[in-house]
Amino acid sequence: MIEVQAVSKSFDGFKALDGLSMTVPTGAIYGLVGPNGAGKSTILRHITGVYQQDSGLVLVDGQTVYENPAVKEKIADIPDELYYFGSASTRDMARFYKGIYPRFDEKRYETLREVFRTVDEKRPIRRLSKGMQKQAAFWLALCLRPEVLVLDEPVDGLDPVMRRQVWSLLMSDVAQDGTTVLVSSHNLRELEDVCDHVGILSHGKVLVERSLSDLQENLVKMQVVFQTRDLPELPEDMEVLNVQQVGRIHTLIVRGRADEVTNRLAVYSPILMDALPLTLEEIFIYELGGEDYAVRDIVL
Amino acid sequence: MPFEISSSEKKGWFSLTLFRKNWARFWPLAAGYGLIQFFVLPMDLITRADYSRNMSQLFANRILSATTWAVALGLVFGLLAAMALFFYLMNSRSVGMLHALPIRREGLFLTNWLTGLSFFLAPNAVAALIALAVEGVFGALQPALTLRWFALHTVVAMFFFCFAVCCAMFTGHILALPVFYGVLNGLVAGLCLLADNAVNVLLVGYAGNDLVNAALTQWCTPVWHLLRKLQAVYEAESIYDTAAGTSVAMGYCLVLGAAFTLVAVVVYQHRQLERAGDVVTVGWVRPIFQWGVGICTGLSLGTILYENFFRRQGAWAFAVLVALCAVLGAFVARMFLKKTLRVFAESWKSCGLVGLCMLLLLGGARADFFGYQKWTPDPEKVESVYLGNVQSAPYDGGWSGVEIADPAIVEEIVALHRDLVKELDVLERARWDGERDSTSPEGWETSTATGLRLEYHMKNSGFETRWYTSVPISEEALADPNSYAARLEELLNRPEVLREIYLAQIGEKDVAVTAGWLSNVNDEERGEADLTEEQTRKLWKAFLEDLEGGRIHRYLLDGRERRENCYYTDVDFTLTLTAYQPNGERESYTNHLSVTLQNSASAMMKVLQEEELSGLLRSRDLEKYPDTQQGY
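So the sequences go chain by chain: Y and V.
Sequential numbering of the first sequence, starting at 1, is according to our numbering.
Sequential numbering of the second sequence, starting at 1, is according to our numbering.
In short, the hints are calculated from the structure, not lab data.
For each residue, glycine too, the CB sits at the ideal point set by N, CA and C.
Heads up, some of the hints might be wrong.
To be verified - Listed next, the stretches of chain V that the computed footprint assigns to chain Y, with coverage defined by at least 3 CB atoms under 8 Å from CB atoms of chain Y: (1) 183-197; (2) 551-565; (3) 601-614.
Said to hold, decoys possible - Beta-carbon label-pair distances, calculated as ranges: (4) Y:R103 to V:Q272: 53 to 63 Å; (5) Y:R103 to V:G186: 48 to 58 Å; (6) Y:S211 to V:L353: 53 to 63 Å; (7) Y:G27 to V:G186: 56 to 66 Å; (8) Y:A175 to V:V266: 58 to 68 Å; (9) V:L16 to Y:K15: 21 to 31 Å; (10) V:L262 to Y:E81: 55 to 65 Å.
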C-alpha cells in the first residue's frame, strides 16, 4: 500500500504540493488525474524516492521510501521522460537492472521478448522511436517483478494494439501477484477502462479520491423536461454543478446518488426525467469546475 | 547476464554493477589518460635512454621531470572524470533514473568516486609497471622514484577530481561545472590581485602585491601551490629533498582532497534533485553566487574600464565604476540563477545593494577610514626599517635598498615619513600627473619623482609596508634642508647608508676582487679598458675608502651638481663572494659591481691619476657629448 500523508513541496517559492494526501490500496490500479501543473509528476517522484518532501510522509508498505533501498527494490517506475545510459540497448539495461534489482526476472525477460518483438533489443534505446522506447521501458519494468509500479503518462506513443497489450499485461500482474499500480494520465477514457481507484489532483492537492464506482455513483447527470420551459427553483441543499438547456431539455450535473436525485426532482413532476452515468472525463471536468479551472476548454 | 549482487550492493552503499557500468561507459577517459601517462614516463625513458651516460642518474632525472606533469594532467582529467561520472546530476531525466534505483545517495557517490579513483589508479599503475620494466631492461631500476611518481600522479589527479566533484555538487548545469572549477581554482589569487590593484588605486602608500603574494593566497590557489612545490621537487639537489617535497605536495592534496570529498558528500546528502539544470543548486549558495559574481565583475571590469578610459578621473571615479560594474555583475548572476533575462523588477534592490556595499567599501577605503595613509610608526617600537625603491643617480650598482637598524637613523626615517604623509595631497596628485620630469634649458633635470618603499620590522614581530610610487623631487625642494626631499637625499649620502647600498650583496661573505675594467671610457673605438690585477685591487681599496669617507654621492635629481661631479665612465669590479654554511660547507659565486666615477671620490681619482688612467675618463660635459646624455 502507498500512503502519502500531508506532503508539501515547494520549488523556488512555488508550492507544487500543498499538503497532499492519498492512499493507494495494495493490488489497486490507481489513476492519478489532474490538469497540467497539478503536481502529478512531482508526487510520483516522491513515491519513487527521487524527491524529498519538505514536510509530510511518503510510505510504501509502512516504510519511508526516501533513501530506503529496501523499499525501492520493490518499486519500478516508468517516468514521463525516459532516460537510459548513452548507448545502452534494452539488453544492456536488462543486464544493468539484473545487477541492481535482486528480483529481476530473467525468465520473464525472455518470455516478454515475444510480446515486445518489434523492439530490437540490441539497438541503443535512444535510437528507437518514442513508441519503441516506451515498449522497452515496459519490458524492463515488468521484468523487475515490482510490488509497486509507478507509471507517468505510460502509454503515450504506443499504438492502440500495444496499449491494449500493455494494459493486459499489467492487469494480469495485478491479478496474479497483487502488484499495486499507480498511473498518471491525461487519457481519462483509457483510465476509466483500467483503473479501479481514481484520485483527482489540482493545485498540489487531492480533491477527490475514491474507487471509480464510488466516484461515478456520487455524481449524476440528469436530463429533465419540466412542466415549465424555465428551470424551476431547486432546493438550496441540492448541489448542482452545471446546468445546460437545449430547447426544453435541461441537463443538470448534480452531486449525489442517482436514485436520491431522481426522487428529489420527481416532486417537480417533470414530463421527462432520465439519470445518466458520467464518464470519468465528465467527473474530472465537473469536480475541477469548482477550482476555477477552465477544464472545458481543454477537454471538451 | 553474469552479474552477481554483492552484499554491500544490497544495502545500497556501493554498487558493483554501477561501477562496472561506469567503466563500460567512460573507459575512453581512463584510456586517454593512460596513453598520455605512457608517453610521459615509459616512452620518455625509452627515447631518452643513452648508454653513453649514467643511466641511473638519467632515469632518475627523467622521472623527477615527469612529476611536473601531474598538475596539468590532474587539472584536466580530474575535471573530465567528474563531469562524466556526475553528469547525471545535471539532467532531470538521469537524476530521476539513477535516484529511483535502490542505492543510497552515499552509495551513488561512493561508487562514482571509486570509479574516478580507479580511472587514475589503473592507468598510473600500468604506466609505472611499464616504466619499471623499461628501467629493468636498461639496467637502471629506480623503484622508489617510480613508486613515488605513481603515488604523486594518482594523488594529484584525485585531488583535482575531488575538487571538481565538490564543485559539481553545487551546480546543476554541466557547462557551469568547468566554469566554477576554473574560477575556484584561481579565485583567491585573482581576488587578491584585484584587491591589491583596488587598494593601490584608492590609497596613497599602497603599491604592492602584498595580498597576492601572501603565502595563504598561494596555498589557496591549488595549481599555483602545486606547481611551485613540484618545481621545487624537480630542482631539488638531493634525493632526500625530492622525497620531502613530494610528501609536502601529496600531503596538501590528501588533506584538501579529503576535505573536498567530505563537503561534497554532505552537500549531496542534502541536494535538492529538482534543481538539475540550475546554475546553483544549494539554496544558501545562491546569494553568495550573486554577491560573488557582482564583486568579481565589479573589481575586474571596473579596473579594466578605469585603466583604459577613466584613469585621469582619479580614485573616486574608480570606486563608482567598480560599484556600477558590481551591480551589472549581480544582475547577470541573477539572470543565471533565474534562467531569464527579465530580472530587473524582482532583483533591482538586491543588485543595487551589492553596488551600494561596494561603493561604501571602496569609499570607506578611499576616505582612509582605518587611517592607513596617515599611519606612521612609533620609532621606539621599530626594530629596523628597510628603505628601498628610491631612484637615485648615478645609475650604477648603488641601487639596492638598505636595511637600517640604527635607532637614530630609524627615528629620522620615521620623522621623514611623518612629513611625507602630511603632504598626501601632493603625493596623490603626483600619482595622476603622468609625465613629471622637467629639464632646464641646459638639459639637466629640474624636477622628477622617485619611489620610496618603507618596510618596518617592529619589535613585536609585526611588519608594515608603505610604498610611495611618486614622491615629487625638485631643485627648490632640495635647496631647502628641511624639506623631505633634501632630508632623504642627505640620508642616502650617509657613509653607513651608502656602504649598505653599494655593498649589500656582500653582507657577511668573504670578498675577493678578481677582475676590473673601465667602461664607457674616452675612447670610442674600445669603449672599455681592462685594468690590471694591481690596478683593480688599488681601485677597490680606494672605493672603500671613499665610501667610508662619504665622498661617493647619490643624487635624487639628475641635475647640474650630479652632472658636474659624475663621469660617464664606470669602474666595474668582478667579485668572488664566499659564504660558509652552518655545516661548514663553502659556497662561492661570482658577482659584479659597477661604480660611476665621481670627482668627489678623491681616493679613486688619485689611483687613476697614479696609474695614468685619468685620460680615459669621459666627462658628462653636455656640449661635448650632446647625444650620450639620455639613459645614463
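Tested hints:
Beta-carbon proximity to chain Y at under 8 Å applies to 0 residues in the segment 183-197 of chain V; the threshold of 3 is not reached and the given coverage is violated. Counting residues of the segment 551-565 of chain V whose C-beta sits closer than 8 Å to any C-beta of chain Y gives 0, which falls short of three, so the coverage hint is violated. Residues of the segment 601-614 of chain V with a Cβ under 8 Å from some Cβ of chain Y number 0, which does not satisfy the need for three, so the listed coverage is violated. A hinted range of 53 to 63 Å for the beta carbons of R103 of chain Y and Q272 of chain V is inconsistent with their spacing of about 30 Å.
Range check, R103 of chain Y to G186 of chain V: Cβ separation about 50 Å, and the 48 to 58 Å hint holds. Separated by about 56 Å at the C-beta atoms, S211 of chain Y and L353 of chain V satisfy the suggested range of 53 to 63 Å. For the pair G27 of chain Y and G186 of chain V, the supplied restraint of 56 to 66 Å holds, since their beta-carbon distance comes to about 60 Å. With their beta carbons about 46 Å apart, A175 of chain Y and V266 of chain V fall outside the hinted range of 58 to 68 Å.
Range check, L16 of chain V to K15 of chain Y: Cβ separation about 41 Å, and the 21 to 31 Å hint is violated. Evaluation of the 55 to 65 Å hint for L262 of chain V and E81 of chain Y yields a failure: the beta carbon distance comes to about 33 Å.
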